[in-house]
Each structure stands twice: as C-alpha cells, then as structure tokens.
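All chains, full assembly: derive it from the sequences and hints.
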Amino acid sequence: MKGRGLSFSTPEMYNLHMFVMNKLREFWTDIFCKEANPADYLSRNETISLLGEEAPTTAEVNLSDVPTDLLDILTRMSCDQFVPGDETGLTHECGVFGCIAAGEWPTQIDVSQVICLGLVALQHRGQESAGIVTSDGTDNKPFRVHKGMGMINNVFNDEAMKKLKGNLGIGHTRYSTSAASEEVNCQPFVVHTAHGALAVAHNGELVNCGSLRKMVLGRGVGLSTHSDSELITQALCLNPPDGEVDGPDWPARIKHLMHLAPLSYSLVIMQKDRIYGVRDPYGNRPLCIGKIVPIQIAGVGDSLQESPEGWVISSESCGFLSIGARYLREVRPGEIVEMTREGIKTISIVERPNAKPQAFCIFEYVYFARSDSIFEGQMVYSVRMQCGRVLAKESWVDADIVSSVPESGTAAAHGFSRESQIPFAEVLCKNRYVGRTFIQPSTRLRQLGVAKKFGALSENVKGKKLVLIDDSIVRGNTIGPIIKLLRDAGAKEVCLQVF
Numbered sequence: 001m002k003g004r005g006l007s008f009s010t011p012e013m014y015n016l017h018m019f020v021m022n023k024l025r026e027f028w029t030d031i032f033c034k035e036a037n038p039a040d041y042l043s044r045n046e047t048i049s050l051l052g053e054e055a056p057t058t059a060e061v062n063l064s065d066v067p068t069d070l071l072d073i074l075t076r077m078s079c080d081q082f083v084p085g086d087e088t089g090l091t092h093e094c095g096v097f098g099c100i101a102a103g104e105w106p107t108q109i110d111v112s113q114v115i116c117l118g119l120v121a122l123q124h125r126g127q128e129s130a131g132i133v134t135s136d137g138t139d140n141k142p143f144r145v146h147k148g149m150g151m152i153n154n155v156f157n158d159e160a161m162k163k164l165k166g167n168l169g170i171g172h173t174r175y176s177t178s179a180a181s182e183e184v185n186c187q188p189f190v191v192h193t194a195h196g197a198l199a200v201a202h203n204g205e206l207v208n209c210g211s212l213r214k215m216v217l218g219r220g221v222g223l224s225t226h227s228d229s230e231l232i233t234q235a236l237c238l239n240p241p242d243g244e245v246d247g248p249d250w251p252a253r254i255k256h257l258m259h260l261a262p263l264s265y266s267l268v269i270m271q272k273d274r275i276y277g278v279r280d281p282y283g284n285r286p287l288c289i290g291k292i293v294p295i296q297i298a299g300v301g302d303s304l305q306e307s308p309e310g311w312v313i314s315s316e317s318c319g320f321l322s323i324g325a326r327y328l329r330e331v332r333p334g335e336i337v338e339m340t341r342e343g344i345k346t347i348s349i350v351e352r353p354n355a356k357p358q359a360f361c362i363f364e365y366v367y368f369a370r371s372d373s374i375f376e377g378q379m380v381y382s383v384r385m386q387c388g389r390v391l392a393k394e395s396w397v398d399a400d401i402v403s404s405v406p407e408s409g410t411a412a413a414h415g416f417s418r419e420s421q422i423p424f425a426e427v428l429c430k431n432r433y434v435g436r437t438f439i440q441p442s443t444r445l446r447q448l449g450v451a452k453k454f455g456a457l458s459e460n461v462k463g464k465k466l467v468l469i470d471d472s473i474v475r476g477n478t479i480g481p482i483i484k485l486l487r488d489a490g491a492k493e494v495c496l497q498v499f
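Mapping of the sequence shown onto the UniProt record's numbering: position 467 corresponds to residue 467, and the numbering continues sequentially without gaps.
No lab work stands behind these hints: they were computed from the structure. From the three backbone atoms N, C-alpha and C, an ideal C-beta is built for every residue, glycine too. Some hints here could point you the wrong way.
Keeping only pairs whose Cα atoms sit at most 27 Å apart, straight-line, the calculated DSS-like set for lysine-lysine is [unchecked claim]:
hint: 1; residue 1: K356; residue 2: K272
hint: 2; residue 1: K356; residue 2: K291
hint: 3; residue 1: K162; residue 2: K214
hint: 4; residue 1: K163; residue 2: K214
hint: 5; residue 1: K165; residue 2: K141
hint: 6; residue 1: K345; residue 2: K430
hint: 7; residue 1: K255; residue 2: K162
hint: 8; residue 1: K291; residue 2: K165
hint: 9; residue 1: K462; residue 2: K492
hint: 10; residue 1: K291; residue 2: K272
hint: 11; residue 1: K393; residue 2: K464
hint: 12; residue 1: K465; residue 2: K484
hint: 13; residue 1: K272; residue 2: K165
hint: 14; residue 1: K462; residue 2: K484
hint: 15; residue 1: K465; residue 2: K492
hint: 16; residue 1: K356; residue 2: K430
hint: 17; residue 1: K141; residue 2: K163
hint: 18; residue 1: K464; residue 2: K484
hint: 19; residue 1: K356; residue 2: K345
hint: 20; residue 1: K165; residue 2: K393
hint: 21; residue 1: K163; residue 2: K356
hint: 22; residue 1: K356; residue 2: K141
hint: 23; residue 1: K255; residue 2: K272
hint: 24; residue 1: K255; residue 2: K165
hint: 25; residue 1: K345; residue 2: K255
Quick list of the computed label-pair ranges, beta carbon to beta carbon [said to hold, decoys possible]:
hint: 26; residue 1: E351; residue 2: N431; range: 15 to 23 Å
hint: 27; residue 1: E182; residue 2: T346; range: 35 to 43 Å
hint: 28; residue 1: K356; residue 2: G218; range: 25 to 33 Å
hint: 29; residue 1: L321; residue 2: L223; range: 34 to 42 Å
hint: 30; residue 1: L328; residue 2: D398; range: 29 to 37 Å
hint: 31; residue 1: D488; residue 2: I295; range: 49 to 57 Å
Here it is, written out as structure tokens:
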C-alpha cells in the first residue's frame, strides 16, 4: 500500500508488535491445532514495514494520512480499549435513522413506526442492540426513550411503540466496535444539558478517541462507558472556541467536533424541534436523505411536485420505499444538514484538511450495504455485478459452474457468470435465521454461526469444478468451513475468487 511512512513511539511499536504476535499465535493454533510461540520466529527487534518507507520522525505523521483501521488499533490500544485478539475494532458497522414530520404538529404520521421500519431495513448493519428516541419538539416535554439488546422485533413491541409517540425522532441499530455488547452501550445516547436534552446516534469509530477522551475528561465531564459514541455526545455539549450568544449554537458545536475528530462517523443528532445529519469530512461512512410522500403517489415519478409529509435520514436508502419515502440524495462529505418541519437545508460544509481525497469505505460496496442501496449515484447491486465481470476478465478459470457465498457475493457471481459464459448455480443453502457471522461479537460465536448457517446442495456440487465467489475475507473463519462443506458434498474442485 502506498503512502507516507510511519515512525511509532516505543509504546505504540510494542503494542503493534504484541498485536502481530497474538495474530500469529492464533493462526498457528487454528491451522496446526497446537500452541506455538511466534516469538521463536520474530524478535522484538524485527522491523515491521508499514505504508512504504519509514518516516524520519513521529512529528511528520498526520492522522489524516493513516488508514482508519491501523489507527483503530493504535489509538484504542493507547486508551485501554483494545483487547489483543479481538478484531471487532476493525469494523464500523451500525445503522442510524431519523424522521421528522412536516407541517402542523401534532402530526398524523406515526413517526416512531416509520423509524422502527427504517431500522428493520438497516438490521443487516447491526444485530446486537437497538434504540429509538422521540420528541414532541417542545421545551416542556422530555424525550421518550426505549432501548434494548437484540433484534428490532425483540426490542420493540406494541407497548413500547405506544410510548414513543412524537413529531420527530432518531433510531439506531448497533454492532459493537470500541465498546462491549452491553445494554449500557445501546444507542441513541441522551444527555441533559442546561439548554435541553440532546440525543445522538452514531455510525463509525473515532480514530483519535484517546486524545479526545482526555480532552473531555479534562473539562470535568464524566464518561460512563468506553463507547466513542458517548464521547461524541459529551464533546457536543462543550462550548465552541468562539463562544455563544443567546443560547447554544449547535451548528458551531458540531463544526468544533468535526475539527477535533476528522473521522470516522455519520451522526444523527436530535435537539428540541430539529434533527441534524452530519457526515465526516472524508465521507467514510454513508448517510442519505429522503422525503415521505403521500401513499397514493409514492410510486409516481418526479414530475409531481407533491408536498412532503415528512423527512427522513438514514445510513442507507434501502428502506425508503417500505416507509413511503423517496430518495433525494446523499449527505456530502463534511456536510451538516438541518431537518425541521419546514424541510431540509445545508447549514455548513467542513472541508478536509489540506485538500485530502475522499475516503469512502470500500467495504460498504462489497459487504456492509444492502444490494438495493445507492451510494455515489450507483446501486450497490450494479457495482457488485460489475466487479464480478472484471474479475472474470482478469482471473478466468475453467469450471463447470459459478456460484457464490450468499448473500453479498451473489451479484458478483452473476457478473462473473455472464462475462465468462459459465453457468451460475446455487451450491449453498442458507439458514436465514442465523445472524451474519461477521457481525457476531466473539470468535466462538462466529465459528458456531458458520457451522449452523450453511448447507450444501449436493446435486449441484457432486463431481463439479466450482468457481466460488465471495465478497471478502476478513478473518477467514467462514470460508474454510464452507470449502470443506463443499468438498464433503462431492465437489471435484473449488476455486475461490474474491472480488
């Protein structure tokens, strides 16, 4: 990988060294089924080459130059949040959603139901916990909050939904990254300030949580969790450097946060009678907006200038049709949008430092996102299919059938099949009631999930040479057992292709 070299201070280099040692130990134990000491093969004096040539001094390293995943390791090690052997910090997947009714309040729209359905559409982004916070949009009534562990349908029953009536609200479905999978870390986070309540839902992970945590604690603010989402919430409560006149200037506070923490996040923030949508300057995490249109014309084209019934903001556009909403556009990198009953407007755009390039997470295209979502003007399904076509051109192989590891590898497999003229056939039967193995929090649960998740279609497999398309290999916990499953079912050859 090309880029500026890095010089680490001694503690950071030691932490990275120990991380590599743990990974090697796990690999050796998994493959050879016996304990090993990687130190027999690598000494602490070994040079670990990262990102090209070594930089002369640590001072020359700019955080914006460093890949997010590497910073996740180093910064969370330094603030005692990293557990060696736990790679969950290398992921950033959660779902955020917000809705505000248009026109006169109280509204006839069931805002909490819209949010709940929006979260159901984002369930693939996180399955550990979920929460919804709603408001009437007035000073004299508190936020209504319901959060819990588990899937959306387990957290929100009829009784809970009746208590969440309001004119606006935000929701969150969570996959833990920097903090444990516990109820105290459920989002959205709500804090009570001298200027009213504030609710925050966050997708992403801060690369400089250690320094930001020290700054917030140094201002006398207490933190009850290790979650960087709570850290963001508390940082928003700090006065901006230029001060405020006649009450809080929330846009200025948000901009101050964006300068303190350049990435990685998409935020949905509710304060009193409005919702703010925020995307980090690098555009690392997705965020898009839409409008709720009358049901009788929800499927009609853009020629009608109908009055919207409300506005929505979401990590992905995939759930808009199911709630009667029409996709408008993505929130631009560094953009702060304000949603009120009157509509949506841009109130500021925070530029990237030194005109750095955008850094949208490629894993959104290959794995995280639902295939009917739209990123950068392209449907995810179309991008995955095109990746399969390119893969067939660059890495053609003689085979009887092309297949995929469902679900996110299927579109690429169809593209590979069309380009190579090798027929597509399903070879794996998926148990849809087992959660996504990458999103489950512990290695043991992931491995058990793989064992329970797939079955082989032996009639399609026996005696065949297969090209098996997968979107990615993160840990390798999934693909090994799958290949063994196919070989046991009679596959003659299994050629794995990763787009």
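Hint check:
no.: 1; hint: K356 to K272; verdict: violated (35 Å)
no.: 2; hint: K356 to K291; verdict: violated (32 Å)
no.: 3; hint: K162 to K214; verdict: violated (40 Å)
no.: 4; hint: K163 to K214; verdict: violated (37 Å)
no.: 5; hint: K165 to K141; verdict: holds (12 Å)
no.: 6; hint: K345 to K430; verdict: violated (43 Å)
no.: 7; hint: K255 to K162; verdict: violated (36 Å)
no.: 8; hint: K291 to K165; verdict: holds (20 Å)
no.: 9; hint: K462 to K492; verdict: holds (7 Å)
no.: 10; hint: K291 to K272; verdict: holds (20 Å)
no.: 11; hint: K393 to K464; verdict: holds (22 Å)
no.: 12; hint: K465 to K484; verdict: holds (14 Å)
no.: 13; hint: K272 to K165; verdict: holds (15 Å)
no.: 14; hint: K462 to K484; verdict: holds (13 Å)
no.: 15; hint: K465 to K492; verdict: holds (5 Å)
no.: 16; hint: K356 to K430; verdict: violated (42 Å)
no.: 17; hint: K141 to K163; verdict: holds (13 Å)
no.: 18; hint: K464 to K484; verdict: holds (15 Å)
no.: 19; hint: K356 to K345; verdict: holds (25 Å)
no.: 20; hint: K165 to K393; verdict: violated (54 Å)
no.: 21; hint: K163 to K356; verdict: violated (46 Å)
no.: 22; hint: K356 to K141; verdict: violated (44 Å)
no.: 23; hint: K255 to K272; verdict: holds (19 Å)
no.: 24; hint: K255 to K165; verdict: violated (31 Å)
no.: 25; hint: K345 to K255; verdict: holds (16 Å)
no.: 26; hint: E351 to N431: 15 to 23 Å; verdict: violated (47 Å)
no.: 27; hint: E182 to T346: 35 to 43 Å; verdict: holds (37 Å)
no.: 28; hint: K356 to G218: 25 to 33 Å; verdict: holds (28 Å)
no.: 29; hint: L321 to L223: 34 to 42 Å; verdict: holds (39 Å)
no.: 30; hint: L328 to D398: 29 to 37 Å; verdict: violated (47 Å)
no.: 31; hint: D488 to I295: 49 to 57 Å; verdict: holds (51 Å)
Of the numbered hints stated above, those contradicted by the structure are hints 1, 2, 3, 4, 6, 7, 16, 20, 21, 22, 24, 26 and 30, listed in ascending order.
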